[in-house]
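S.K.: Spelled out, the chains give:
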Amino acid sequence: MNFNTGSRMKKILTLFVLMVAVTGVKAQETGSVLIQNATVITITGEDLENTDVLIRDGKITEIGQNLSAPRRVTKVDATGKFVMPGIIDAHSHLNTVSTNESRNPVTAEVTMEESVNPNSVSIYRAIAGGVTSIHLMHGSANVIGGQNETLKLRYGANVDGMRFEGAPRTIKFALGENPTRVHGQGNGVQPRTRMGVEQVIRGHFDAALNYKRNREEYLAAKAKWDSDKKGTPPVPVAQNLRFDVLNDIIEGNVWVHCHSYRADEILMLMRVFNDYGIKNYTFQHANEAFKVAPELAKNGARTSVFSDWWAYKFEVYYSTAYNASILNANGVVNSINSDDSELIRHLNHEAAKTVRYGNTSVHDALKMITINPAIQIGVDDRVGSIEVGKDGDVVIWSGHPLSIYSKVEQTYIDGKKYFDLSEDPADMRISIDPNDDFESAANFEVYHSGRQNDACLEGAFILNTETIQQ
Amino acid sequence: MRYLFRVLAALVIFVYGSSVIKAQEAPAYAITNVTIHHSDGSESKSSSIVWRDGVIEAVGKRVTIPFDAFTIDGGDSLHLYPGLIDGLATWGSPAPPKEYKSLPEPGNPPYDRAGVQPERKPSELLESDDKEFEAAMKAGFTTAVLGVEGNMLPGQVETFFISPEETKMGLYGEVLGLEGSFETAPGGWSSGAYPSTLMGVMAKFRQTMYEARALQTHIQYHSTNPEMPAPNRSEVLEALFPLLNNTKPIYFKVDSKENIDLLLKLQDEFGFDAVIVSGKEAYARADVLKKRGIPVLASIDIDDAPKWYTDQKKKKKDDDAKEEEITDEEKQYREKQLEAWKAEVTNIKSMMESGIQVGYSSHGLALKDYSKKLEVIMDEGELKEEDLLEIMTINTAKIIGLDRVFGSLEKGKNASFTLVNKPIYEKKATVLKSVSNGTIYEF
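Protein sequence lines, in the order shown, are assigned to chains L and X.
Residue numbers for the first sequence follow our numbering, so the first one is 22 and each next one is one higher.
Residue numbers for the second sequence follow our numbering, so the first one is 29 and each next one is one higher.
Okay, chain L solo, but in the shape it has when bound (with noise of 0.2 Å):
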């Protein structure tokens, strides 16, 4: 085994630059199935035993006992098995082409959407966790960074097929250490301080309003003398892609999940929104959410966090595993996310370490990795539980999800099995670099770790801002 960084790197770049191309799966493609005799768990209804769940061309059109499967549709006996919903995780840079437009403080103009990798082997990885929705998100270097992406975890299909078809749109912004470093220290350009952050926001979201005002004044002057030609024709304000999205999160078409983690910053951020009448937000990990959560519920604010994961800086040195649990108990819509390439694929042990610590219901730990991240992305009417009417996102489990001995069976999306425990052979790339001989390919099972290359990169934290994700 080669573990050398030069070919670790290689690796990467080989995974995430090179797509050389392989398969094209048409969007959207979706299947039907009879899922038979499994114990049902609905997320929002009651757990069902010894029931169906039958799938018709991509949406759940039956649950029940002794279904009879329509002609041409695959029966699958899950007899002592547990079926839920596919598990979404709200927090997750699975799968970017890069994750940071790093070089300004505020890129609302940019959007994950034109930062998605569709052939990295991850995607298959996160599939056989039982994850099959992500909130792909821009990185945490800037106050206001790009728009994200939410993606169903169709493997194989191009990044169309990919998209969340009719989700809202998203976009990240970060508080605290890494925009000041990466900005203050490392540019000398305002944020140097949490009071810059708040400036910043201020500033732009001002700037933007202003923009507005001129912008809707020019085009209807414009329009005026180009039929009549009558005085002076006005001066052209250009169109601004930046001030256009910031005035969409202004308008609440586009929803902010924002990186975070101490409480004041969380009560800042919530001022300003108020301030602006923006409503419909996240605070993404929040590690000292709890210490604010009346505040919290009674904005509607949400957030999700992780279950027990903290000190890896200083401004969250402070922190709980309780954190989802206290949340939870004050009527916080918490989700717990995994950030990570790898924790996503047992992001059903974290939602259960919110039942050991904090003594969270069972039936309150599975919400936070299904319909909570869902309403959180707004598609919790598409996904998120096991309804009539709600697409066929499902797993199947071989125990109960929360059990430390429990796997992931079968994983399908709109209907169609994208993976099988008993089909799953080593190599799952659908694109590799002909360039990589045998020896260092092999390897690709090393570097999946997000986690992993933040210790590795730690001393280059600021240059490397590709790596800012946390």
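These are calculated hints, taken from the structure and not from any lab test.
Just so you know, these numbers come straight off a predicted model, no measurement behind them.
A few of these clues could be false.
Claimed, not checked - Taking lysine to aspartate or glutamate and the DMTMM-like style, the derived pairs with C-alpha atoms no more than 25 Å apart in a straight line are:
| id | chain 1 | residue 1 | chain 2 | residue 2 |
| --- | --- | --- | --- | --- |
| 1 | L | K251 | X | D157 |
| 2 | L | K233 | X | E239 |
| 3 | L | K233 | L | E272 |
| 4 | L | K250 | X | E239 |
| 5 | L | K243 | X | E194 |
| 6 | L | K243 | X | E255 |
| 7 | X | K344 | L | D458 |
| 8 | X | K196 | X | D157 |
| 9 | X | K293 | L | D265 |
| 10 | X | K73 | X | D415 |
| 11 | X | K343 | L | E460 |
Since the structure of chain L is provided, determine the placement of chain X on it from the hints.
M.R.: Then chain X, alone, in the frame of chain L:
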């Protein structure tokens, strides 16, 4: 009637007279007794070509050689080809700066530091002493579209009659279009700027176009309404007007199928015409490219074959060699690896079969590697000599919109061709003489 006669007489004298004057000024040249290879793959033995003033006057078996012609006798053993055309090369481009100063505001760089330099023209920046020009002629090229090395919008592209002599490089015609790519801003980690990612380049492209659009409107308004505030003229943004108004195409260097999709997205938004340059995975988007009529100036700069595959091929020639023992896992990997490589090497062939217009571009390929790459493309890429010739002559000429001037050996076309000691794509073929815009160069 009398008047009409006078007019006719004057006309006859004028036409006759001018042709006589012309004949006296420019001598004719001829190459005789050669095998002429045409861009459509046909060949004609014991043929001749006559040109004068940089224009072909006659070509074929029964050609009258003018009495005043300077004649080169091919002795029936040499081969004459239409000059090969490089659809986009960067020969003679000034090299990008080796170092960049760090910027006070990397998020708001000046245009050049963002990689936005559409105002640059090869004809103004060309380093015509570049040794690549001579190497190109020795490889059979006489004509090239040249671009400037840079980033997302590095400059404009123009057509040149190439020459190994600095002073004889000739510009032909107007600017063909703009060059584009998804290259991020230069400067690296320590002094880079926005845009530093693919998604950033997409956004920057859009924003720059929006600003060009506003400036264009401002200039138009101001031209008829001088009482309004004057526009801030910008040669950078104004260079984008042809793209904005779709009067000139963008020659866009792009390889992966995902990035081709992004280019198509920009095309939908701005409505420009595009020519794909390089296009290593264009075969995977053949349908949409054909539908949109987007041609590809293809690269032959493919990766080397997997080493085990090259070794195996060598061993086949050596009967004593033993079969290599490998695990099943490695065997499976090798199959995938070869499949990926084959897809790359047969790109041009599959595009041609799909009905895409395919030309040639060297963009970035050093001429020292040219013949090695050609060999692989022919051995493994299922391309025949006549395919290559067509791609590198008339197809490229059509794509750049200059097939009335370049790309085939016909009366009235530009006198650019190459005399070779054997068929041009054969190993060890040597270019003996090259004619570019009528001027003979000897090697």
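S.K.: A separate judgement is required for each hint: does it hold in the structure or not?
M.R.: Each hint, compared with the structure:
1. Of the pairs offered as hints, the one joining K251/L and D157/X is violated, with about 57 Å between alpha carbons and a cut-off of 25 Å exceeded.
2. The hinted pair formed by K233/L and E239/X meets the criterion: a straight-line CA distance of about 16 Å does not exceed 25 Å.
3. This hinted pair checks out: K233/L and E272/L have alpha carbons roughly 12 Å apart, not beyond 25 Å.
4. At roughly 23 Å between alpha-carbon atoms, K250/L and E239/X fall within 25 Å of each other, so this suggested pair holds.
5. A C-alpha spacing of about 51 Å is found between K243/L and E194/X, which places the hinted pair above 25 Å, so the restraint is violated.
6. Only pairs whose Cα atoms come within 25 Å are accepted, and K243/L paired with E255/X is accepted, the gap being roughly 16 Å.
7. Distance hint between K344/X and D458/L is fulfilled; the C-alpha atoms sit about 21 Å from each other, no more than 25 Å.
8. The suggested pairing of K196/X with D157/X holds, with an alpha-carbon distance near 10 Å, which does not exceed 25 Å.
9. Pair hint K293/X plus D265/L holds up; C-alpha atoms about 19 Å apart against a cutoff of 25 Å.
10. Distance check on the hinted pair: K73/X and D415/X sit about 20 Å apart at the alpha-carbon level, within 25 Å; holds.
11. Distance hint between K343/X and E460/L is fulfilled; the C-alpha atoms sit about 21 Å from each other, no more than 25 Å.
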